[in-house]
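One letter stands for each residue in the lines below.
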Amino acid sequence: MKKRKWLGLAMTAVLAVGSLAACSSKDSSSSDGGKGTKITYWAPFSGADGPRMKNIVNSYNKSQSKYNVDLQIVPQNDYYKTVDLAFSGQKNAPDLMIMHTDQLTNYAEKNLLKDMSDTIKKNGVKESDYSPTAWGAGSIKGKQYSIPLDIHPLIMYYNKDMFKAAGLDPNKPPTNREEFVADAKKLTNESKKQYGFVVPTLWPNQFIFPTVFFQNGGELMKDGKPNYNSPEGVEALTFLSDLVKKDKVSPANVQQDGEVTLFLQGKNAMQLNGPWMMEQWDKAGINYGVAPVPQLGTKQQAVYANGHNFVIPASVTDSKKLAGISDFLKYVADNTMEWAKSGQAPASKAIYEQNADFKKMVQQPQVAKEFDYAKFAPRVANWGQISEPLFSEVNLALLGKKDPKKALDDANKKAEQLMQK
Amino acid sequence: MNKTSWKSQLTSSLFVLPYLILFVIFLLIPIIYGAWMSLHNWDLLNPVHEFVGLKNYAKIFDSSSYLHNLFFDGLKHTILFVVISVPLLVIVGLGLALLINALPGKIKGFFRTLYFIPYAVSVSVVAIIWLWILDTNSGLMNEYFQKLHLPAIPWLTDMPWAWISIVIATIWWTIGFNMVIFINALNDVSEELYEAGSLDGANRWQRLIYITLPSIKPTMLFVLITSTIASFNIYGQPFMMTRGGPGTSTKVLLMNIVDEAFKQRQLGNAAAMSLMMALIMIIISVVQLRVSNRKE
Chain A
1 MKKRKWLGLA MTAVLAVGSL AACSSKDSSS SDGGKGTKIT YWAPFSGADG PRMKNIVNSY
61 NKSQSKYNVD LQIVPQNDYY KTVDLAFSGQ KNAPDLMIMH TDQLTNYAEK NLLKDMSDTI
121 KKNGVKESDY SPTAWGAGSI KGKQYSIPLD IHPLIMYYNK DMFKAAGLDP NKPPTNREEF
181 VADAKKLTNE SKKQYGFVVP TLWPNQFIFP TVFFQNGGEL MKDGKPNYNS PEGVEALTFL
241 SDLVKKDKVS PANVQQDGEV TLFLQGKNAM QLNGPWMMEQ WDKAGINYGV APVPQLGTKQ
301 QAVYANGHNF VIPASVTDSK KLAGISDFLK YVADNTMEWA KSGQAPASKA IYEQNADFKK
361 MVQQPQVAKE FDYAKFAPRV ANWGQISEPL FSEVNLALLG KKDPKKALDD ANKKAEQLMQ
421 K
Chain B
1 MNKTSWKSQL TSSLFVLPYL ILFVIFLLIP IIYGAWMSLH NWDLLNPVHE FVGLKNYAKI
61 FDSSSYLHNL FFDGLKHTIL FVVISVPLLV IVGLGLALLI NALPGKIKGF FRTLYFIPYA
121 VSVSVVAIIW LWILDTNSGL MNEYFQKLHL PAIPWLTDMP WAWISIVIAT IWWTIGFNMV
181 IFINALNDVS EELYEAGSLD GANRWQRLIY ITLPSIKPTM LFVLITSTIA SFNIYGQPFM
241 MTRGGPGTST KVLLMNIVDE AFKQRQLGNA AAMSLMMALI MIIISVVQLR VSNRKE
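Chains as they are written, first to last, in my numbering: chain A, 1 to 421; chain B, 1 to 296.
Note that these hints are calculated values from the structure, not bench results. You can take every hint at face value.
Which stretches of chain A does chain B cover? Using the computed rule of at least three CB atoms under 8 angstroms from a CB of chain B, they are:
1) 81-88
2) 103-113
3) 201-210
4) 255-262
5) 376-386
6) 390-398
Since this is a predicted model, take the numbers as computed values, not measurements. The beta carbon of each residue, even a glycine, is placed where N, CA and C say it ideally should be.
Produce the complete structure using the sequences and hints provided.
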């Protein structure tokens with residue numbers, strides 16, 4: 001009896017200690033330790049791109065002994081929460097980190113990012129080595145806040161087998177609105193439940209709707225105010241909803257990822273999505289082609305894009321560390337072929353303009369073709385929140401529950417209210 | 001004698017200790033910290049947190065503030081879900097428990113486990129399973145409907161179907177918990193009562209109404225309150241299945257609070273909204289307790 005009591009005591013003690021230990025143990029996937037000045041580097045690459053970035057960091061660490069870059073991968077979903085906590089001083093901030101293009105303005109405006117101009121000059125990282133579009137994303141009011149890693153614009157995927165079956169040339173995807181609609185109609189066969197272009201009603205409209213909007217020559221924000229219901233916007237949304245209603249190249253009521261499911265089943269011939277989808281198509285073994293997004297708008301070629309950039313928190317001042325960071329970034333610019341393997345197109349000219357292996361790849365050079373005319377989210381802090389009403393109204397319009405003009409009027413009103421706070 | 005009681009007291013305190021530590025770290029401290037936050041203009045990226053008193057709460061009740069819409073639109077949707085789902089969670093849970101209890105011994109365990117399995121998977125898995133089953137254009141459900149020459153139903157993109165789908169997925173996911181609790185309660189009802197009932201000529205239905213239900217009343221109340229609280233906390237199902245759509249019709253309060261906290265980075269506002277939500281939940285639970293105890 002007595003023995004049992006002590007056993008109970010011991011067990012509870014173990015449990016208590018165990019539960020505490022579980023709280024304190026931190027999950028970090030750091031690369032192997034080494035000598036030299038340590039540079040902590042945060043990235044949200046918790047998917048298939050993670051191992052690619054790890055390889056780049058490891059080979060950099062092996063190539064020299066002055067600096068040691070410590071890559072810590074924070075899961076994508078928690079990334080900005082973790083970053084925000086670091087900036088608000090509740091967690092140790094990293095020395096170098098990845099930031100998406102649509103987030104840059106927000107952090108730069110609050111003076112949380114380091115102006116990299118000096119660091120760049122001293123260490124031979126050159127503006128002319130990168131895509132001007134990608135570089136420009138980081139220059140805000142004459143200061144350079146970021147060095148680009150890649151641009152990921154909207155691109156078009158299409159099913160080559162379906163093109164052949166419909167009597168279309170699988171190597172000639174459509175390039176403008178007329179061709180796109182004509183091809184989509186040929187590819188549609190309602191009796192077989194097969195469609196030319198299944199129109200998504202939720203994600204990735206955050207990329208698709210702005211793309212057509214920009215192609216119409218419109219701007220999402222004008223003079224710091226939402227401009228969703230401008231004629232260009234209404235035209236874009238009318239075009240997309242007519243694909244369902246009038247042209248009937250898409251079924252109605254497409255749910256989240258409904259177009260992806262149909263694409264995987266070989267029942268959706270074309271789809272607009274991001275370069276990150278490549279791996280999923282490869283795994284499914286679809287005979288797919290990749291092409292720049294056709295000019296679906298009426299005025300110009302354009303495409304909505306986001307991108308990965310390197311930024312340094314404003315709190316980093318150690319000159320040794322800064323020298324190490326620029327040394328690392330210079331190395332990355334020349335060695336991002338590894339990054340391209342994840343399906344992304346690096347923004348470094350050494351890769352996308354000069355590397356012969358890169359040009360032989362299927363998807364990545366198509367992505368790079370869009371670099372010159374790619375456009376990013378409007379330069380406002382909190383685009384995420386201001387755009388929220390836009391995309392829920394776009395959802396209603398594409399589900400046929402609201403007239404496009406009325407939907408965009410409502411979205412504009414709600415966004416204005418949000419901006420007033 | 002004294003010594004043993006001292007010892008046993010220590011032992012029992014030690015048994016409570018792990019829970020107490022976790023309770024303090026993961027509940028008490030965050031609640032107090034949250035209340036503190038809600039009194040400040042707390043921007044996650046701004047190192048200065050200005051004290052504003054009850055201004056964040058005032059904004060929730062000021063109809064010209066966006067916070068007002070965010071809170072009350074979300075609350076409306078959450079309450080709608082609670083009203084539909086809670087009765088079903090209790091009734092279906094009890095129904096399954098009665099059904100399984102009526103089964104012979106060996107199969108009983110099998111079905112009990114079977115119905116409990118979904119409770120063990122995470123909400124993301126639940127959402128993906130139901131997304132595939134309910135897909136309007138390529139889902140299993142509409143495939144069957146088509147075979148029976150019925151029209152396809154837009155399960156996740158039209159009202160009221162979106163709510164129906166979310167409720168179905170929720171019941172499938174969580175019903176096992178309520179069921180197991182009811183099974184235990186049913187097993188505790190004394191056999192003699194049923195025997196006496198049958199002798200007096202009570203049929204099955206009368207035995208259920210006059211013997212079973214009154215005997216498991218405390219359990220019923222427990223299930224009712226825990227289901228209400230769980231339903232108030234709805235987040236994952238609409239977040240993953242409908243993304244709040246069509247439009248914002250299924251955007252529940254917790255989704256709005258999370259957006260306010262981590263998209264807008266206004267922790268002060270979000271904390272005020274959370275505490276208001278907690279207050280509403282507490283009031284409803286107390287009312288449920290009072291109403292059901294009054295009848296005694």
